[in-house]
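Enquirer: With chain V's structure known, arrange chains D, F and R on it following the hints.
Number of protein chains: 4
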Amino acid sequence: MAKKVLMKGNEAIAEAAIASGCLHFFGYPITPQTEISEYLAKRMPKVGGLCLQAESEVAAINMTMGAAAAGSRVMTSSSSPGISLKSEGISYIAGCDLPCLIVNVQRGGPGLGGIQPSQSDYYQATRGVGHGDMRLLVLAPSSVQEMASLTAEALDLADIYRMPAMLLADGALGQMMEPVDFSAFPKREVPEKTWATNGMGGKRKKNVVNSLFIDPNELENSVVERYKRYAEIEKNEVKYEEFMTDDADIVIVAFGITARICKSAILAAREAGIKVGLLRPITLWPFPKTQIASLAEKTKAFISVEMSMGQMVDDVRLAVNGRCPVHFYGRTGGIIPSVEEVTAEIKKLAESL
Amino acid sequence: MAKKVLMKGNEAIAEAAIASGCLHFFGYPITPQTEISEYLAKRMPKVGGLCLQAESEVAAINMTMGAAAAGSRVMTSSSSPGISLKSEGISYIAGCDLPCLIVNVQRGGPGLGGIQPSQSDYYQATRGVGHGDMRLLVLAPSSVQEMASLTAEALDLADIYRMPAMLLADGALGQMMEPVDFSAFPKREVPEKTWATNGMGGKRKKNVVNSLFIDPNELENSVVERYKRYAEIEKNEVKYEEFMTDDADIVIVAFGITARICKSAILAAREAGIKVGLLRPITLWPFPKTQIASLAEKTKAFISVEMSMGQMVDDVRLAVNGRCPVHFYGRTGGIIPSVEEVTAEIKKLAESL
Amino acid sequence: MAKKVLMKGNEAIAEAAIASGCLHFFGYPITPQTEISEYLAKRMPKVGGLCLQAESEVAAINMTMGAAAAGSRVMTSSSSPGISLKSEGISYIAGCDLPCLIVNVQRGGPGLGGIQPSQSDYYQATRGVGHGDMRLLVLAPSSVQEMASLTAEALDLADIYRMPAMLLADGALGQMMEPVDFSAFPKREVPEKTWATNGMGGKRKKNVVNSLFIDPNELENSVVERYKRYAEIEKNEVKYEEFMTDDADIVIVAFGITARICKSAILAAREAGIKVGLLRPITLWPFPKTQIASLAEKTKAFISVEMSMGQMVDDVRLAVNGRCPVHFYGRTGGIIPSVEEVTAEIKKLAESL
Amino acid sequence: MAKKVLMKGNEAIAEAAIASGCLHFFGYPITPQTEISEYLAKRMPKVGGLCLQAESEVAAINMTMGAAAAGSRVMTSSSSPGISLKSEGISYIAGCDLPCLIVNVQRGGPGLGGIQPSQSDYYQATRGVGHGDMRLLVLAPSSVQEMASLTAEALDLADIYRMPAMLLADGALGQMMEPVDFSAFPKREVPEKTWATNGMGGKRKKNVVNSLFIDPNELENSVVERYKRYAEIEKNEVKYEEFMTDDADIVIVAFGITARICKSAILAAREAGIKVGLLRPITLWPFPKTQIASLAEKTKAFISVEMSMGQMVDDVRLAVNGRCPVHFYGRTGGIIPSVEEVTAEIKKLAESL
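Chains as they are written, first to last, in the working numbering: chain V, 5 to 357; chain D, 5 to 357; chain F, 5 to 357; chain R, 5 to 357.
Chain V on its own, in the form it takes in the complex (with noise of 0.2 Å):
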């Protein structure tokens, strides 16, 4: 029988990333995430791990490039203002094709902005995080049993596709306390890191990281080569979860803590007599975008829910791409939409279809 233990969401990303074998953590203390260096502080040393807190999130990340280089499961987390300090090291990290986990237990923004929880980093982690054509595997956990099993299947994902992954939480999931079994999620098989840098010992060839290539057709090459990767990911790595979807005039779409608001708000406009549901994204990237456009055949209408000002939507209207209309309703800055003003959001919509 699983054992399950009550643990704050950072302390079970942090738990996680042990408990799959990620035993390098670099990071710099920002709010709302500071427990998981905290946590590893503590608990590294006694698995034999590595936790160093670095001289910036700067450092952080590029000593996380090179842990990743060196073949080590590793890890980095930050929030938000933290998130874009390390943004050329995670081009870089991409660019040299290598794994790595980051996480991004998101608050408020732009600037310094506030300490409460937000979901307005979705752009960034899904489109713009560094410059140049690349992608991030982001995953969104709405709940603490999922902040631990989405870091371990990050983990895995970065390590079958070589390239960081991002973890997309909020202060909320950061703070909240759940019971967490760490049975309960399943190991991947992931490939032996022939390539990494880590000493020849004479049995091999050097292996290289790098990636700068002076030749254009030498980078345009190693771009679409990874692209094939990506198309392969959007292939097979999609994960949503449908609730009450089947018989829905009108389709929620949110993900992370807001998806959980979202459910009540779906019972409550369900007991009115509204025919609701809700498509979760829990990868970010690969969007969910076959399934969202197979719902818009039979729907009537979606609103996408965020804790922002509308990043997400963009998505979700490309995947309807014009076959019904896409709402959008948001609160920003570190509020969290009450159950009562999505379900008048609902009420209103259902009124003007």
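Possibly wrong hints are sitting among the right ones.
To be verified - Derived Cβ-Cβ restraints for the label pairs, each shown as a range:
(1) D:Glu59 / F:Val51: 20 to 28 Å
(2) R:Ser298 / F:Val228: 28 to 36 Å
(3) F:Ser268 / D:Ile218: 35 to 43 Å
(4) F:Gln57 / V:Ile218: 35 to 43 Å
(5) D:Lys50 / R:Ala74: 54 to 62 Å
(6) F:Asp251 / R:Leu357: 54 to 62 Å
(7) R:Lys210 / D:Lys50: 55 to 63 Å
As the list claims (entries may be wrong) - Chain D is nowhere near these chain V residues, computed Cβ spacing over 10 Å in every case:
(8) Lys46
(9) Gly75
(10) Arg131
(11) Lys210
(12) Asp253
(13) Ser312
(14) Thr336
(15) Glu355
To be verified - DSS-like, lysine-lysine: derived pairs with alpha carbons at most 30 Å apart:
(16) D:Lys46 / F:Lys8
(17) F:Lys8 / F:Lys191
(18) D:Lys46 / F:Lys197
(19) F:Lys50 / D:Lys209
(20) R:Lys279 / V:Lys210
Worth flagging that the hints you see were computed from the coordinates, not collected in a lab. Idealized CB from N, CA, C, for every residue including glycine.
Expert: Chains D, F and R in isolation, oriented as in the chain V frame:
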């Protein structure tokens, strides 16, 4: 009569900045935009300005923020990896409602990538350069003349709307020499900077420049307020060029250097009897979505041609919203598509219609 | 008639620098010398100069080196811990034969120590501030007037002998207010900087500023050559003040603020019939060893009075070379010895003779 | 029977550190001491230790301070310019009464200087490495065996007297290979680190490690207290070697690699009938001044032979205090004086007596 000067694109940016009263520049060298720094290092002292090579890109953007806060017209420039390093600072500038100009003379990515021209920072410029809900004004020059005139325009827009603007150029435009007429661009009226933190002299209350709001309501209000300004910009400041779209069955959407190649391809395809035209966005944000939507009513297909793996194509699709098919053609890694290959792409599409 | 201005010692340094044509200043704030930066931040722009607050002391000294290499008169200032941070740069400046002025407004040490005045960086200033065989010109003001006039003198000496000079002041002198006559100090003739790396304009061979010599013979030659200049300085530039030494049985050696206290103590001791005088070194390097040696022929004992645990006393002993006893009296950690305790020390010594 | 291992001097330092229980090392590469880092990077993980290459020398010394504060045995190493960069941190460590070992494998200076061996950081090591009243224990090995045994001794002394110790070596000793017997050096009893800030576990009052004292009386008391310990060290820990001084008319004072050359020169001069001997200081601070003073009673002259322009000669003169003449012979910039030139110098002096 206007006097024209033969200049490199990078120099045109630099000279236009000075001509527009931008007397503060903070940079750090990176190919292919180093001529901007070099030019300003020589010219700024002669016009009473300041050109400072900072110790890093992170320092340069923070100095830019400081000068902006003090009410100076200020510019920084870099190329792709350097822009990633600046991204935390850019989000802070946006969050502080400060005007400044950030020049990105794009090179191939991700990572160190190459030193040849590219347009693969489109996503970053238009969506994810920094964390949080925020936008940049993004202007995309297509000639050395526009390197100058859009620099002037971007500085004015930044001041008018109190937000950072980006000139999104590329290495080809930066290195290309063409005649520039500095008398040709009109100056806009810009408001006085009554908010600047430049000393009170006992005459007014203390100004505060800040992006931190501990109370989430205050933070949300500040973001919502900012998005009202963004809506104004989307209404008033969209710029684009149309070329042979009147009767076009196929509309190419392309910006920057790529648009010039597309014009030649269009002329070639027209000779072959294909009705094809070009919509060239000059502002990438705000994106000319209304005009594209309106073209979508009468055209049969769009192709987004880009020097990337396909980024602006998302915005074209969002504007077209399913009204007709949207195709993509691109080269990446520093390779500029040739007139021949774009023409071939047009012909292939024309045959399939 | 000379016009006197009432100023703080720190301000007198700053104003004297400008009056002496030093238009470049690079600093970083630290108590008790921050007024120098503050004053120059306001004044420099008005006289066409540059006052830059660097990102750290290490940056400030390297900017100082750069400005010096380009032929500018340049000054940096700090207090004790900040001078330690600058020590690599100071050694580089010495090894490159570059002139500049480094101001040390000493506070108590070691470590963070305190913010009260001290003279405990004497060893560092005269012997070990940087690695390698090298010297600094070290001038020790004893009044606000000298804070100004020795700043001017140090800048001239640095230029004449192409080496870094240090003004070794302390927090008491920095904060003290006294009238200063800026017309009082003569300017020396300084050579043209034909070695400066300030652009050739096609008129001469490239100048090189360098401290790296891979061939040890070249390095030795460069050091030996420099020590010939040092020998010239020891012959020509020793400065000191004598006070009542003619008939003195006891000679106090003291510099800076301590020398002023010693004068009062001497007057008090003279009233008690004790023949005591003062030798005040104004240059700490070159040290007035010949004059002390000559006093040692006729006096019965020396006391070195310092605000430290005893550092200059080594130089006094080296000069006296066993001819008579050399005693020490000092306070440290920010405590200025009182007239009473110095008088008591004199009396105790007089009785033992 | 003791087992001897053939090793480079730099490696001997590294291995001796581990053998002495020093399991934390923080460094930054610089010729000619990089082998220490290289060796420890490989060995530390195998013995459960930590070898970290910091982002700069400044970071390395601050990490050293942190590890020392937490009660670890800790070492950092560098060569001349890097030691200058560490000087603020060294003063902080001294001001916090923390034990650690700083290795300086000297190269020619000032500035970048050269990469050949030198002894020109003597002044810095013995007097001015940091601001404020402070001392380092300074040990000067003269063989690869001593590179090892004095590393062990320095670590013990640092712990016993709670202060930083420096191993002042040079590039020749660092690169030289000789057999080392690691069983040969005795371990001293060191006190428990009850002052370490390593977590209270609820068992004791909070420890504080600090060098800041706002009250000058407290600061003075802390310095005076420290100087009492320094006096103990001067009484108990002086180490030197004498060679043929019994009947010597001339006593050479030389340390490190220079002392070995002087021994050969002494043998050559003895063959020529000159009575000459050697006093080799093993501790440079505390300096063997009593023993030199006592030799000064019976010898006719001293020569200080150094790889510098003359630095230790000050300490010889201070010890001799005029009892007989003190001469100097030196080479600098990376040149090791030859046996022939030292012999010639001895003969020249012998003739003049």
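Enquirer: Against this structure, judge whether each hint is valid.
Expert: These are the hints, each one checked on the structure:
1. For Glu59 of chain D and Val51 of chain F, the hinted distance range of 20 to 28 Å is satisfied, since their beta carbons lie about 26 Å from each other.
2. Remark: the range hint 28 to 36 Å for Ser298 of chain R to Val228 of chain F is upheld by a beta-carbon distance near 34 Å.
3. Between Ser268 of chain F and Ile218 of chain D the beta carbons are some 56 Å apart, a value that contradicts the proposed interval 35 to 43 Å.
4. About 39 Å separates the C-beta atoms of Gln57 of chain F and Ile218 of chain V, a value consistent with the hinted range of 35 to 43 Å.
5. Separation of Lys50 of chain D from Ala74 of chain R is about 55 Å and conforms to the stated range, judged on CB atoms against 54 to 62 Å.
6. Hint check: Asp251 of chain F to Leu357 of chain R, Cβ distance near 39 Å, so the stated range 54 to 62 Å is violated.
7. Distance hint for Lys210 of chain R and Lys50 of chain D: a CB-CB separation of about 60 Å, consistent with the stated range 55 to 63 Å.
8. With 10 Å as the threshold on Cβ separation, the claim that Lys46 of chain V sits away from chain D holds: the shortest Cβ distance comes to roughly 28 Å.
9. With a closest Cβ-Cβ approach of about 19 Å to chain D, Gly75 of chain V is found to remain outside the 10 Å limit, as its non-interface label requires.
10. A Cβ of chain D approaches the Cβ of Arg131 of chain V within 10 Å, the least distance being about 4 Å, so the stated non-interface status is violated.
11. Non-interface call for Lys210 of chain V relative to chain D: holds, since the shortest CB-CB distance, roughly 19 Å, exceeds 10 Å.
12. With 10 Å as the threshold on Cβ separation, the claim that Asp253 of chain V sits away from chain D holds: the shortest Cβ distance comes to roughly 20 Å.
13. The claim that Ser312 of chain V is not at the interface with chain D is violated, since a C-beta of that chain comes within 10 Å of its own (minimum 5 Å).
14. Distance check for Thr336 of chain V against chain D: the nearest CB is about 5 Å away, which does not clear 10 Å, and the non-interface claim fails.
15. Distance check for Glu355 of chain V against chain D: the nearest CB is about 24 Å away, which clears 10 Å, and the non-interface claim stands.
16. The straight-line distance between the Cα atoms of Lys46 of chain D and Lys8 of chain F is roughly 40 Å, outside the 30 Å bound, and the hint therefore fails.
17. For the hint pairing Lys8 of chain F with Lys191 of chain F, the CA-to-CA distance comes to about 18 Å; that is within 30 Å, so the pair holds.
18. At most 30 Å may separate the alpha-carbon atoms for a hinted pair to count; Lys46 of chain D and Lys197 of chain F meet this at roughly 21 Å.
19. With a C-alpha separation of about 25 Å, the suggested pair Lys50 of chain F and Lys209 of chain D falls inside the 30 Å cut-off, and the hint holds.
20. With a C-alpha separation of about 61 Å, the suggested pairing of Lys279 of chain R with Lys210 of chain V is violated against the 30 Å cut-off.
In terms of the numbered hints stated before, the structure departs from hints 3, 6, 10, 13, 14, 16 and 20, listed from lowest to highest.
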